[in-house]
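Asks: Each chain sits in its own coordinate frame; assemble them with the hints.
Below, each chain spelled out in residue letters.
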Amino acid sequence: MLRVDALSYSYPGSTAKVLEDVSLALDAGERVALVGPNGSGKTTLVLHLNGLLGDHDGSVQVSGIACTKPKLKEIRQRVGLLFQDPNDQLFMQTVRDDVSFGPANLGLDKSEIERRVEESLRSVSASHLLDRAPHHLSGGEQRRCAIATVLAMRPDVLVFDEPTAGLDPKGCLELSDLLNGLSQTQLIVTHDLPFALATCPRTLVLQEGSIKADLSTRDLISDPELLERHGLALPFGYVAPR
Amino acid sequence: MSGPHRHLHLHGDNPAARRAPEAKLAGLFLFVLLVALTPTRWMIPIGAEAVIVGLTVAAASLPWRVVLRRLVTITPFIAFAFLLPFVVSGPRMAVGPLHLSQTGLWNAFGIVSKAIIGASATIVVASTTSVPDVVTGLRKLHLPAVIVTIMSFMWRYLDLIAADSGRMRQAMSARGYQPRWLWQARPLANATGALFVRSYERGERIHQAMLARGFDGVMPEPSRTRPVTGTDWAISLLPAVGAAVALIIGAWYGS
Chain W
1 MLRVDALSYS YPGSTAKVLE DVSLALDAGE RVALVGPNGS GKTTLVLHLN
51 GLLGDHDGSV QVSGIACTKP KLKEIRQRVG LLFQDPNDQL FMQTVRDDVS
101 FGPANLGLDK SEIERRVEES LRSVSASHLL DRAPHHLSGG EQRRCAIATV
151 LAMRPDVLVF DEPTAGLDPK GCLELSDLLN GLSQTQLIVT HDLPFALATC
201 PRTLVLQEGS IKADLSTRDL ISDPELLERH GLALPFGYVA PR
Chain V
1 MSGPHRHLHL HGDNPAARRA PEAKLAGLFL FVLLVALTPT RWMIPIGAEA
51 VIVGLTVAAA SLPWRVVLRR LVTITPFIAF AFLLPFVVSG PRMAVGPLHL
101 SQTGLWNAFG IVSKAIIGAS ATIVVASTTS VPDVVTGLRK LHLPAVIVTI
151 MSFMWRYLDL IAADSGRMRQ AMSARGYQPR WLWQARPLAN ATGALFVRSY
201 ERGERIHQAM LARGFDGVMP EPSRTRPVTG TDWAISLLPA VGAAVALIIG
251 AWYGS
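These protein sequence lines map, in sequence, to chains W and V. The opening position of the first sequence corresponds to residue 1 in our numbering, with each subsequent residue numbered one higher. The opening position of the second sequence corresponds to residue 1 in our numbering, with each subsequent residue numbered one higher.
Since the hints were derived computationally from the structure, they do not count as laboratory data. No residue lacks a Cβ here, since even glycine has one placed at the ideal position from N, Cα and C. There could be a bad hint or two in this list.
Stretch-level coverage of chain W by chain V, calculated; a stretch enters the list once three of its residues show a Cβ under 8 Å from a Cβ in chain V [claimed, not checked]:
| no. | segment |
| --- | --- |
| 1 | 40-47 |
| 2 | 115-129 |
| 3 | 149-159 |
| 4 | 216-228 |
From the derived model, a few chain W residues whose C-beta atoms are all more than 12 Å from chain V [said to hold, decoys possible]:
| no. | residue |
| --- | --- |
| 5 | 28 |
| 6 | 53 |
| 7 | 56 |
| 8 | 96 |
| 9 | 169 |
| 10 | 170 |
| 11 | 208 |
| 12 | 213 |
Only chain V is shown next, with the shape it has when bound in the complex (with noise of 0.2 Å):
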């Protein structure tokens, strides 16, 4: 399978993913945001959180080629973040021949460690969950129905609006259409209206398909859902737990 349904999951047998799909979300939610509250200048909660998401990486037993090669989604904010030291003001420091922002090393500082945290804990749940698993998770959290099906149905449908856009892109190629300049455009626009066009009947004949089948408005409940138990909340929300002990702790030191 192409497209964006190709492995994020993976499939495997480990504590973290036969964890309920709720108690992981949760606890995915608390411990990404004790990890933004921490203070960026606190070094032991920082590396604690750091040392959790390891400790998590390696009971989900994932590969950390792996991790790290999904961690370059959050390429752009990193490169972001090594800006700031250029460009912040206050005191400076001298960094080899480099005269830096003191606050801009600390605020690249929390952004970089904070999202390689943070992205590191999503990955670990991404890649031991399974997309209806999520999709059933935020529902047993109760995230609006609405949201939840909006969501379960841009996944289920991403790869063939991608599959659509790639067989337009291949058919304008075929007639010689190889954009250089913006003035050239054109084509393309319209061939995005037509995307957006197709994609809309698509959604009213799934509408129709759901109507057919006594759809009243509201979604069924997921067929079958395994029943959350309190060691999948005890092991979901360890990382949080961690991490907001160490957030006492570096509050206790005042580090």
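For reference, chain W alone in the conformation it holds in the complex (with noise of 0.2 Å):
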């Protein structure tokens, strides 16, 4: 569903490898966390799959869709990129007009528009804050809307940068019960190691650019050695589950 085959990168105007032979392959359905260190450079791994970031060595494959520039219209509707801010992602006046900006985009008409609007903000318990301003809302709903946001897209694939920062312990729990009742590949970046382990069975660590380990989740959270190995760590006084 999601492949990244030695996915190289450099921001212009530094030699400095941000992502190096990245190569990674997400089967439809999977859900996958992507742990790593700040400054590993999973943000900028997560620009790529939607095609944000300019050259770059190495392909990424959506659907069997190579990203490039001629597809980039078609790889935006099938990649669902959730960004960490939920401000960033919710700029319009109103949740429905946040909602409806990229079907309307799509160049859909009004009902069909419409439809997924009021589709995708039921998927995520949000219907009652259709025509609410984003920024009255709380946290918790503001992430719930910016989710709307990208399923109205009715994409393959959903990634998501960090979706629990700033979220309360109850938020956390509710979005990883909703991220486990969506049908789609999501690919989930997050430092929150036990947020991983209730919503992905599997997880990549990204550190200094490089995949440096593919695992069971349950496997990375409860090996001590290998979380201190890659810059991770779980929260104080957590006990892994075995």
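Replies: Here's what the structure looks like:
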């Protein structure tokens, strides 16, 4: 469903490689966590999956379609990217306008747009927020509406960049339930290992721009030495379930 | 909610709130234009315009207290107007112990009356129209799309920028920064620069979020807009028509 082969990238004007020879593959319907210390290149990788950064070595494929300039529109419809700060994702005046932004860019007719807006807000239990202004919503509500904005594109793959950032523990639990209930293939960037365990059976570890481990989330968090080696840590007092 | 998003639009059902935003905005523009064009010494039209605006406030069921509180924003203009009778040259007249310029008095009267009438009309529209509706209205009136989009984004992100700035101020105060003199302003200038860079970076992230959802340079039409009716136009243009009639009568009587 999602395939990255030998992806390498440096930001313009810099010779340092932020990503180096990154390869990964996600099957349809799989939920995979992407973890790694700050500065390991997680967000850069995520932006590549949607064709948002320029020239790179290697390739990104979604449902067999290569992420190249002529195919960008199709790739962006197929990959729903959720940004870390919902305030960056919700830029319109009302939730309705925000959720309909993507479908409208796809050139859909008004009745189809309305149907998608209702459907995607219903799937995140946020139908009641339809006509609210995004800046009047709580953090959890903003996160739900931001997810609805990508669901309305009917993507095959959902990519979340630190979806638990700024959420309280209850909000994290609700978000985990929500993501577990979605049928799309998901790649979830997170620092929150218990959240990764509750949501994703499989985890990729990205460190210094390369994939260093690809294993089950349970195996990762029950191996203190492995965590230590990759600059990861469990929350204070957390005991990994056996 | 704190900051600029607070209270501008008052929820409620009244004849003004029910009108389509584009009709209200066009009506407001024409009315304010006619008020601005009214010669200062034409007392009948100016009086009529004041009555019209008073009736509009009543029709919109706006509490007078709210209108008066919001009129405080035009205080600087009024303060400037009060200087005119003292500084404008020409024939002078005695007002109590003061000798004031007649032309200056008329100019001051013109500025104060027009500012109050125009601002009150704007307050009626702002209080009965939500910001998303104002944006939709401006778009329907074919204001350039870029300008409408910039206005809409500015409004959406004003609170966040204000909150950013507030946090920076707190962080500076928490480390003992209490500027009293001009030469202590340097950290403030640095913070302003940092705020600019942060806002610019946020702008980049928002642009990426837009691209990720298929944005190709043209903002889509608002998802749901109510059609404008003849009644909307008739009621919204009524104050402007009233002002026009008052102006014609004023011209007729040469007042």
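Asks: If a hint holds in the structure, say so; if it does not, say that too.
Replies: Hint check:
{"no.": "1", "hint": "40-47", "verdict": "violated (count 1)"}
{"no.": "2", "hint": "115-129", "verdict": "violated (count 1)"}
{"no.": "3", "hint": "149-159", "verdict": "holds (count 3)"}
{"no.": "4", "hint": "216-228", "verdict": "violated (count 0)"}
{"no.": "5", "hint": "28", "verdict": "21 Å, holds"}
{"no.": "6", "hint": "53", "verdict": "9 Å, violated"}
{"no.": "7", "hint": "56", "verdict": "16 Å, holds"}
{"no.": "8", "hint": "96", "verdict": "5 Å, violated"}
{"no.": "9", "hint": "169", "verdict": "24 Å, holds"}
{"no.": "10", "hint": "170", "verdict": "23 Å, holds"}
{"no.": "11", "hint": "208", "verdict": "24 Å, holds"}
{"no.": "12", "hint": "213", "verdict": "28 Å, holds"}
Comparing the model with each earlier hint shows violations of hints 1, 2, 4, 6 and 8; every other hint is respected.
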